[in-house]
Structures are given as structure tokens and as C-alpha cells.
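A.B. asks: Chain by chain, the residues run as shown.
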Amino acid sequence: MHNKSVAELSRELESGKISSVELTQQFLDRLKQEDGKYNSFITVCEDQALADAKAADDMRAAGRATPWTGVPFAHKDIFCTNGTRTTCGSKMLENFVPPYDATVAEKFKAAGAVCLGKTNMDEFAMGSSNESSHFGAVTNPWGLSSGQKRVPGGSSGGSAAAVAARLVPAATGTDTGGSIRQPAALCGISGLKPTYGRVSRYGMIAFASSLDQGGTMARTAEDNALMLNVMAGFDPRDSTSIDREVPDYTATLDQSLKGMKIGLPREYFSDQLSPAMAEQVRNAISEYEKQGAIVQEVSLPNAKLAIAAYYVIAPAEASANLSRFDGVRYGYRCEDPKDLMDMYTRTRAEGFGNEVKRRILVGTYALSHGYYDAYYLQAQKVRRLIQQDFINAFKDVDVLMSPVTPSPAFAQGEKTTDPVAMYLEDVFTIAINLAGLPAMSVPAGFVDGLPVGLQIIGDHFSEARLLNAAHQFQQATDWHLREPK
Amino acid sequence: MSISREDIEKVAVLARIKVDDEQVSALEKDLGNILDLVDQLGAADTDSVAPMAHPLDAVQRLRADEVTETDQRAGFQAIAPATEKGLYLVPKVIE
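Chains U and P, in that order, give the protein sequences. All the letters of the first sequence, read from the start, carry residue numbers 1223 to 1707 under the working numbering. All the letters of the second sequence, read from the start, carry residue numbers 4 to 98 under the working numbering.
Extracted from the complex, chain U is given alone in its bound form (with noise of 0.2 Å):
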């Protein structure tokens, strides 16, 4: 049963060969049994999945199943659960049980879905191999056997590796910079960044609230489909959701690609992209020339400068938003603090790792008195023109694509030392979010025995058409299918 994808899955359950309760167990075995390897989940529910499937199980006899009801899942460790502990990979937030539902979780909640528990992350989101987690690294399922541990790439790395492993059909992320592509490429699964503000942020603990964006992670594209149907909408509690219809994201995943058009931008294909890389991700585009799409050069001529305002902006929003984290009202609070400032400030230095630490500094920097315009300011702009960029290469073509990233799997500690090295690790995802664009990571091929992603980068809400192409792509293809030995 851990090979099957969720639409698979959701077709055992609604043919009554097996039950949620059976389902869930079997899953729930094999997460106990094998991700000591992986180190992918920080809590694993037993309890309330188990309580869950039974309630599953009951509201398909009740004749109200949904295609998730009953079907096992897990939530990165980023969306609140009721009840339930959210740690986003902080010591800060190690013993934190939220009041209250994220709005994406109370979906899963209301399709029958059933958690499994929460995945390993680097902290706050904040990284791009998840080492950064209080909670330990996680390792990639891939490269194992040839006795190297290799980094599932980050943020949303345990969702990743989770997925990858067999241990769940599918998982939540979050992407800020990357954060759900990048470490889909590093384990070979089908990851979906929305636009910006096409899932709710509601409960979804913040990072960069200008760039976060929940998306999804799964092996096909199907299933990711899917995900988006029960996540997708507006929402009156996240202030900067979108108001707009949700297709059934499912319903177009057939379509022919005759005549797509595609773009590549000159740019993502630079020196920064090893040989290997480029040739597997080219073999990819040319099986969608085989499907009829026109294969067209583009340009995105500020797409150099997404790190740089990247790392201002983000880090600026960071700096905000993890003030939050005072010992006041929730989360860790330092032993016998000696007064106020004592408090808040050995708080915040035993409760946020060195990551967290440098990017709140780095923020609270570029906000600060005489630096403002230089930094955020000229950020901000920078970021409409990279913006513009785009707007004007979907005049021309329907989609782009690209590598996702410069490499596969790197080792774990070999960018541990070096916060730059490991920021250019996302050089080719940075700028799709600072442009609140939606795109996809579909596995492509390998390299070395590692498995090689294939960017697909769509206009503002053209999810769909990023689904159908990815679809159309593993119908003729198997690499999403390919098991980590």
C-alpha cells in the first residue's frame, strides 16, 4: 500500500477493500519501523490518527466521502494544530500546542483527511537542507546506500523526505525562497509553490509574510492536484488572501500540450549549472517538444539580483515578525530572568538557533535608522523590476522552465559553515516568490544516482496549466516513480 499514490489510495478506500483504520495502522507501522533513517517527523500522532480513520470510516459509511476521506497524510511542522504540538523546528516553540487550526489543516480536517503527525523542518523555515532544525537533520532517502547522508534540501525537507521514503502519499509545505521545490528536487517528488496568496496564511506560523505561500508535496502530479483542491481559497482571516475561484485543479490534467509554449530563461542556464544538470533537464524539455509544446529562448535580465533583494526583504519581515517570541504569552521562556530586558533577550538567544539568529540581525539591520532606503527601499523596487521581468516573458510564452536547482543532494555539513554558499542554493527559486509566482518542481531525471528537478513556472493562478503540464510529462515518463534503494 506505501507505493500508491493518493488517488490510488482514495480508489482502495471507496472500493472497500480496505478501511482507513487498516490503512492508517499500516502506515503508521511503517513510520515507526523506518524513519529512525530519516529523522522526518518531530511528533508522530498515533493517538488522533488512529481516532481520526475511524471517524474517516464512518463518514464514508455515512455516504459524505470526499477523495481524502481516510486517506493518510502529514503537516509540516509550520501549520498549527488544535491540540496538537507545532514546533516550526525552534526550541522556541518545543512545547507549543496551539489553540487553534491553521485554515489549511481544518480543510484536511473537513475532507477526512487523516495526519499522520508533523514534519521535521529547518527552523522557522529558515534554511535549505534542513540542519537548521532544533529538532536534528533529516536525512534524503536518495544516496543512502552508498553510505554518504545526503541533506533533503529545506525548508520543507521532513515533508520531503517523508514522501520520498513511502512513509506518507503526500505531504504539506511551505515555500518562501524554495522551500518546497528545492528539497522536492533533492528526493525526487512533485512539489506545487501557488501564487501568493492563493492559500491561506491563516495559522501558518510566519516568516516572510510577503513571500510565504503553503503549497504541496506529493510523487505525482495528480495527487498534488489533489492537495491544491482541498487547500486552495479565499480566506477572510489571512489579510493578503485572494479572493478569487478555485478550479478543480484535477480537471485539466489531461489536456494536450500541442502548441504550449515554452520559455527558457537564458539566465538559469549559466555557468552556476553543472553539465550533467543541464543535459538531464534539457532531455526533460524535449519531451515535451515530442508532445507538441514550441520550445522559445527568453530572458530575464534582473533575475541575477533575487538573492541580493531576497535576502533583504526576507530577512526584514523575519526580523518583524519573530519579535512575537518575547517569553510573555507562549513558547520558551529563559530560567530566573533578573528583569524585563534580561528576559527578552536571553529568551530570544537560548530559543532561536544561529540561522534564525543572523537573519533577525541582518533585518533588523536593514530596517534600521539610516539604512532603510539603501537596503529595503532599493529591495523593493529591485523586486518589481525582477517582477516585470516575468510579466513581460508571459507575453510571449505560456510557461518557463528550468533546472530548480544547481546541483542534486549535497552532503550533510558541507554548507553548515557558510550561510552564503548555502543561500545560493536557491538561486534558481528566489525570484519566482519575490514575483509571487506559482511553480512546480517534477522529478526529471538523475545525476550520480541523485534525483535531478525540472522548474515549471507559470503566470499568476496558472496553477493548472503547471499541473496539466506536469501531468502530461509523467505520463510518458517514470522518474516520479523511481524508489530510493
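Hints were generated in silico from the structure; no laboratory data involved. It should be emphasised that the depicted structure is a prediction, and the values quoted were computed from it without experimental measurement. A few of these clues could be false.
[Said to hold, decoys possible] List time: in silico EDC-like cross-link candidates among lysine to aspartate or glutamate, alpha-carbon distance up to 16 Å:
{"#": "1", "chain 1": "P", "residue 1": "Lys95", "chain 2": "U", "residue 2": "Asp1561"}
{"#": "2", "chain 1": "P", "residue 1": "Lys21", "chain 2": "U", "residue 2": "Glu1557"}
{"#": "3", "chain 1": "U", "residue 1": "Lys1637", "chain 2": "U", "residue 2": "Glu1577"}
{"#": "4", "chain 1": "P", "residue 1": "Lys21", "chain 2": "U", "residue 2": "Asp1548"}
{"#": "5", "chain 1": "P", "residue 1": "Lys21", "chain 2": "U", "residue 2": "Asp1460"}
{"#": "6", "chain 1": "U", "residue 1": "Lys1603", "chain 2": "P", "residue 2": "Asp42"}
{"#": "7", "chain 1": "P", "residue 1": "Lys21", "chain 2": "U", "residue 2": "Glu1572"}
{"#": "8", "chain 1": "P", "residue 1": "Lys95", "chain 2": "U", "residue 2": "Glu1577"}
{"#": "9", "chain 1": "P", "residue 1": "Lys21", "chain 2": "U", "residue 2": "Glu1577"}
{"#": "10", "chain 1": "U", "residue 1": "Lys1526", "chain 2": "P", "residue 2": "Asp42"}
{"#": "11", "chain 1": "P", "residue 1": "Lys95", "chain 2": "U", "residue 2": "Asp1558"}
{"#": "12", "chain 1": "P", "residue 1": "Lys95", "chain 2": "U", "residue 2": "Glu1557"}
{"#": "13", "chain 1": "U", "residue 1": "Lys1560", "chain 2": "P", "residue 2": "Glu98"}
We have chain U already, so just place chain P on it with the hints.
C.D. replies: Chain P alone, transformed into the frame defined by chain U:
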């Protein structure tokens, strides 16, 4: 561009994060490298460009001024580090 020890200490106070001398030395290098990375922004010609705060240029929605939330004080305070009689406790501020 480099960042001085004094700047780091000042920013750490603003950010309410305690840092010791050893950490300041590490931060001097790391923050210096990050600022070098972002300094390339200065080269972009942005004279006639409006800053972008929201990817879809949306503005804050307003709602009717009505009470919609119910009282959940007990639930919210149950997860606080220290409370008493419905109040949050912090170290003494005024002697």
C-alpha cells in the same frame, strides 16, 4: 560592506538578542558576507521604479467593525510561561 562590532552590538540590543564577545566575532564575518551579497542591489537603476510591497499590489481589506471573536482567554493563557488571575506575569518593571 563590512559591519563593525559596535554596529552588531547595537543591532543585537534593538533585536533583543543577547550576544557574547565570541558570537560577535562570528557575526562580524557572517553578517559581513551577507551584506557583501546584498550590496549588489546598489548597482541596479531604480530611479523611476515604485517599491513593491505585495506581489499582486493588493491593499489591506477592511471588514465591518463588529465583534466576531469569542472569549478564549483561558485557552490562550494555558500555554503561557506564567500567569496569575488571568494576567500574564513578567519580571517586575517598576520598583
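A.B. asks: Determine for every hint whether it applies to the structure shown.
C.D. replies: A quick look at each hint next to the structure:
For the suggested pair Lys95 (chain P) and Asp1561 (chain U), the alpha carbons sit about 7 Å apart, so the restraint of at most 16 Å is met. At most 16 Å may separate the alpha-carbon atoms for a hinted pair to count; Lys21 (chain P) and Glu1557 (chain U) meet this at roughly 14 Å. At roughly 12 Å between alpha-carbon atoms, Lys1637 (chain U) and Glu1577 (chain U) fall within 16 Å of each other, so this suggested pair holds. Pair hint Lys21 (chain P) plus Asp1548 (chain U) holds up; C-alpha atoms about 13 Å apart against a cutoff of 16 Å.
At most 16 Å may separate the alpha-carbon atoms for a hinted pair to count; Lys21 (chain P) and Asp1460 (chain U) exceed this at roughly 33 Å. Between Lys1603 (chain U) and Asp42 (chain P), the direct Cα distance comes to roughly 14 Å. Compliance with the 16 Å bound is thereby established for this hinted pair. Of the supplied pair hints, the one linking Lys21 (chain P) and Glu1572 (chain U) holds, its CA atoms being roughly 9 Å apart against a limit of 16 Å. Taken as a hint, the Lys95 (chain P) and Glu1577 (chain U) pair is broken in the structure, with Cα atoms around 32 Å apart against an allowance of 16 Å.
Restraint check: the Cα-Cα separation between Lys21 (chain P) and Glu1577 (chain U) comes to about 15 Å, which is no more than 16 Å; the hinted pair holds. Proximity of Lys1526 (chain U) to Asp42 (chain P) is assessed by CA-CA distance (about 13 Å); at most 16 Å being required, the pair is judged to hold. With a CA separation close to 12 Å, the supplied pair Lys95 (chain P) and Asp1558 (chain U) stays within the 16 Å bound. Restraint check for Lys95 (chain P) and Glu1557 (chain U): satisfied, since their Cα atoms lie roughly 15 Å apart, inside the 16 Å limit.
Between Lys1560 (chain U) and Glu98 (chain P) the CA atoms are separated by roughly 13 Å; this keeps the pair inside 16 Å, and the hint holds.
In this structure, the earlier hints numbered 5, 8 are contradicted, and the remaining ones agree with it.
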